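Visitor: Chain residues, written in single-letter form:
There are 2 protein chains.
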Amino acid sequence: MRAAVLLLALLPAAAQTPWRDQGLLELKATPQARLHPVPVRAVTLQPGFLKSRQDVTIGKSIPTLLTLLEEHGTVDNFRRLAGNSSNTPRRGPLYTDSDLYKWIEGAAWSLNVQPDPKLEATIDKLTDVILAAQETSGYLNTWFVEDKAKLRFQQMVTGHELYCLGHMMQAGIAYYRTTGKRKLLDGSIRFADYLLRDFGPAPKQPLLTGHPELELALAELYRTTVDRRYLNLAAYLLSGVERERLKLRDRDIAYIFSGIPFTTRTQFEGHAVRALYAATGAADYWLETGDPAYRRTLDLLWNDLVSGKMFVTGGVGSRASGEAFGEPWELPNRQAYTESCAAIAGFLFNQRMLAGSGDAKYADAMERALYNGINSGMSSSGTLYCYRNPLATTEKDRIRNPWYDTCCCPPNLQRTFAALGGYFYSTSKEGLWVNFYDNSTLDWRLESGTPLKATLTTGQPWKGDVRITLSPSKQEEFTLFLRIPSWSLGTQVLVNGAPAPESPSPNTYLALRRAWKPGDTVSLTLDVASRIIHANPRVAEDYGKVALQRGPIVYALEQHDNPGASVFDVAIDPRTPIVAEFAPDLLGGVTVLKHQGLTYSSPLDQQPLYTFSQPKASKPVSITFVPYYTFHDRGPASMTVWVPVQ
Amino acid sequence: MRAAVLLLALLPAAAQTPWRDQGLLELKATPQARLHPVPVRAVTLQPGFLKSRQDVTIGKSIPTLLTLLEEHGTVDNFRRLAGNSSNTPRRGPLYTDSDLYKWIEGAAWSLNVQPDPKLEATIDKLTDVILAAQETSGYLNTWFVEDKAKLRFQQMVTGHELYCLGHMMQAGIAYYRTTGKRKLLDGSIRFADYLLRDFGPAPKQPLLTGHPELELALAELYRTTVDRRYLNLAAYLLSGVERERLKLRDRDIAYIFSGIPFTTRTQFEGHAVRALYAATGAADYWLETGDPAYRRTLDLLWNDLVSGKMFVTGGVGSRASGEAFGEPWELPNRQAYTESCAAIAGFLFNQRMLAGSGDAKYADAMERALYNGINSGMSSSGTLYCYRNPLATTEKDRIRNPWYDTCCCPPNLQRTFAALGGYFYSTSKEGLWVNFYDNSTLDWRLESGTPLKATLTTGQPWKGDVRITLSPSKQEEFTLFLRIPSWSLGTQVLVNGAPAPESPSPNTYLALRRAWKPGDTVSLTLDVASRIIHANPRVAEDYGKVALQRGPIVYALEQHDNPGASVFDVAIDPRTPIVAEFAPDLLGGVTVLKHQGLTYSSPLDQQPLYTFSQPKASKPVSITFVPYYTFHDRGPASMTVWVPVQ
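Chains A and B, in that order, give the protein sequences. Quick note on the working numbering: the first sequence kicks off at 429 and runs consecutively. Quick note on the working numbering: the second sequence kicks off at 429 and runs consecutively.
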């Protein structure tokens, strides 16, 4: 008890950060956080690429998904416990509570973008419904009730009790940071306090995140409440000391990515979402503690991820069996599992790593996922979602669907798109960081306290022009950190029309330090030349093939645009150019890539399986690539990201 | 009843074929059979490639596997039902009876090659053990007894009762054709008659081969007994009329490859062994009836198999999940399931198709499997078996094992190798067919009745020379059909030293018709040049890569022979030759292929996952290929069949 008091005494006054000033992560007092996210409300997306995704999320996806959650009993699962209708059976799999929590989190963030008293009233009502189902002990879960109450904390590997609590906590925090209302947050704290009372190292009862998620929620609860016990509970979960008491098998350990000390992990394996949430929570823990063993493990895992386990779309998870990581370079295109939630989990992991370092490589990985493997997860209509985001399909594959009984991905996509602005800008002691480029305005302040407005206008992702106007309330020296994406090999930067003193390198932040005065402008010209990407030859399915990327956008060949040949029967001809062309009427306005490719003299499905002479594509054929994220937006079709080069 | 009598009256006198003269298939009275196999005992393999496989099967594999079957309770499962030890529990999964039956079948065929009174006595004793467990009704299965007896014929999709009976029948037939002893055969007939009594179209109880196999066994029982009721039972099983009565789901239908009319199938899907046994049984049914709907379906399926679902090793079955076929061109190398039993089932399917046509393409598919994907299934020691035969492995993969609880593959390999000679030669009205080339002598007769001896000497598979000496007991005009393999692009044929009048084309039988007299010789020079095989570009993992084949042997790069670089880091340099070299001390004496290939300046596992410039292998490295079938024979190692071409 004394140690806890001491620790509290040493803490900076993070609790004083008003709720309105807290961002997606509240890192102002976090020792290892170099970057501090600005509040979601400080950034207003302006008409452009990502705002259109946010608009459809808020205008269409969030309201229609609540209707679907109601139709499938997700809310009634709470209502029936308040006594009104407990003779109706509970519906859906055991983790549906988390779907509603994630929906609330997305809806909460959306209020920062677009105040909506009716939506706010809905959240308040749902909060009452949820809390009416909470037991006086603090326990709350709609599955482990009645005859299943005796199974509480007995099915630690599969039970998802702590996973649901984690999402309740995150929803409560999001709504608190949006409105100042603590009701849902306090409900989650009551459950957390129940855990603190009865669970922990022996002689308390053992606890395990069978699906990691609570770790990061607890870190954020600690940042919100400045009560170190919540971080300590996360530390206990990450410490993996309960393997013996819980009789965990090797396969459990691999699958759930918890149950052994996080710091003994050397590679990603098992369930991709579990593993990446575990890493995200561990990164949060490292940010708070600076424990070097955690940092070493996080670096090992990050390198393992990007050197052999991440698809070119930022998607993650190679195997349907166990929704799992594969071995290094096991990146099959059609069989790729690449769950939307896994791409988001990778995005969140990189968000923490970026905050702890200011290293652009993490933002680059975030961008790859955001514009491609996450962006693909929701259709342009905002009503169809991908659970899987494979890199090749046939027209028989049904990838976009309005509903999944395991409804984890749709609200996860919503909470990401609704809060997008919160990822765009960060501050540090040195100044302002621009992480992603889309039309937006910032209304916030430097860490010195000086109010700062900024306006960013760009044609991104289709065009390379970016213009930033800075308006600090007074002239002040600080650094403007501009991320130079890895794909922008020839970036030009002008400050007030004159070449910048520093020359920009891809995959770094360009640091422009000077006394900035109101109205100063920075112009970037990002190099959005179409790029041909080669995979490491160890990736069995990508050998001899390339993917096309232009700016942050990864492209795919879809049958819709290619009447001349099957998309599986064409090859890129390195002697002819790839021509970018903006198609205003296609898919809401996208830049397509056109190319005079090659196809076979007769379709490959009429050719033998094995031959002594090499089949050669030699017949010219016009082919058109569209952004990968739009795949199947016009209905199922054959599609492939990786295309042979002849 | 009248129809049956009529049918019987129309039958030729197949029953008169003495047991000694019956081959692996007894097709002499089969209407659609153009080719008739010679008895197993009519062929004696002489020292050479395949005889070494047969020798180790008979000398080592068969005796050691019986010991293992005893150790794992497979025989005790029968003994305990004879009353001696029924308080010991049954052991192993529900299909272990079939393992013993298949072992008996292999042991029975081996007696044709090498008489062994002790082994024969063992089979007699085992027969008594088995039959002591048979109920007076005829029912026999060691799983569905005691408290499980009520489940008989209730678990038609998963139960394997009919599968076990099929193998009992085949074992009984093999032993009868070897020794004339009918005891085991008659036991299986009693069970078959029990089925005929109570099962069949309504109002009888419904029957389904949840694992097809009984179909082909019933066809052979019909050929052995000339009792058409057994063929009719096969017809009923193939007719797939019980879908509704058995409430079969779509996924069952796909997985078990039965339960709907066989003639409505258009592609191979589901469990590979089930599907290929079903097709084999259907081919048997077509051979007997000539039903054109069956022939159409068989042709469709065969084309489906060879045009997109067969590995270059003759292996079959792309997915571990469901041990199943994939979609067309879904042929992953490391993930390949390619169960030994599936390669054998494909071999048996092609055996029937060959008998019905005399088309060399079927023999070619048999050869591809026999020398590669089947041959790999048993180690040179005869004591390690592959369940899976993937086309790429790392050193972590444990593919060769002494025992599997699902012990289907080891005895399946044994029955194949033990009876090899029975596949080599066939007769038809026109004369003699030579299907496979290895050192052997034939002592049989033409269908005219003229006794015929033949001697074949060859250096196959390593050398192209084949010399056949024919010794009919008197001069007689007949056709000698010599299979010209698909890989022999430039074959030379001499008859008694003079060029043959017909010019040989790959993948056909060369028909040499003349009055043959004792001592006539035919010399073939097969073209065993090393061949580079390309896969259809639709095969995602093989694009830009090649496999090497020389004669019937498919090659692989194994790490054991390649210290210069990882086998996953090398490429073939098309500008340098591939040199065949016989290595007498390696792997029992094999021809290896040597090549000055290329590797990368730094190992690929130290290079990035994605790059903007193409990684090029440009550093010369000596690489050595060994026959695929020997993979892991020297212990686990990285191995790959498909190798990039730079």
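Worth flagging that the hints you see were computed from the coordinates, not collected in a lab. Take these hints with a grain of salt, some might be off.
The list treats identical chains as interchangeable, and a pair is accepted whether it falls inside one copy or across any two copies.
Cross-link-like lysine-lysine pairs, in silico, DSS-like; alpha carbons within 30 Å at most [unchecked claim]:
1. K857 - K1022
2. K456 - K902
3. K891 - K881
4. K1044 - K1022
5. K609 - K546
6. K789 - K488
7. K789 - K456
8. K675 - K824
9. K1047 - K881
Just so it is clear, the structure is predicted and the values come from calculations on it, not from any experiment.
Visitor: Run every hint past the structure and note whether it holds.
Guide: Evaluated hints:
1. For a Cα distance limit of 30 Å, the shortest separation of K857 from K1022 qualifies neither inside one copy, at 46 Å, nor across copies, at 63 Å.
2. Taking the shortest alpha-carbon separations for K456 and K902, only the intra-copy value of 23 Å comes in at or below 30 Å, while the best inter-copy value is 103 Å.
3. In the homo-oligomer, the alpha carbons of K891 and K881 lie at most 30 Å apart inside one protomer (24 Å), although the nearest pairing across protomers, at 82 Å, exceeds that limit.
4. For the homomeric pair K1044 and K1022, the shortest alpha-carbon distances inside one copy (21 Å) and between copies (27 Å) are both at most 30 Å.
5. Taking CA atoms no more than 30 Å apart as the test, K609 paired with K546 passes inside one copy only; the shortest distance there is 16 Å, against 88 Å between copies.
6. Taking identical chains as interchangeable, the C-alpha atoms of K789 and K488 are never at most 30 Å apart, the minima being 33 Å within one chain and 59 Å between chains.
7. Taking CA atoms no more than 30 Å apart as the test, K789 paired with K456 passes inside one copy only; the shortest distance there is 22 Å, against 74 Å between copies.
8. In this homomeric assembly, K675 and K824 come within 30 Å of each other (Cα to Cα) only across copies, at 26 Å, whereas the closest approach inside a single copy is 43 Å.
9. Taking identical chains as interchangeable, the C-alpha atoms of K1047 and K881 are never at most 30 Å apart, the minima being 56 Å within one chain and 56 Å between chains.
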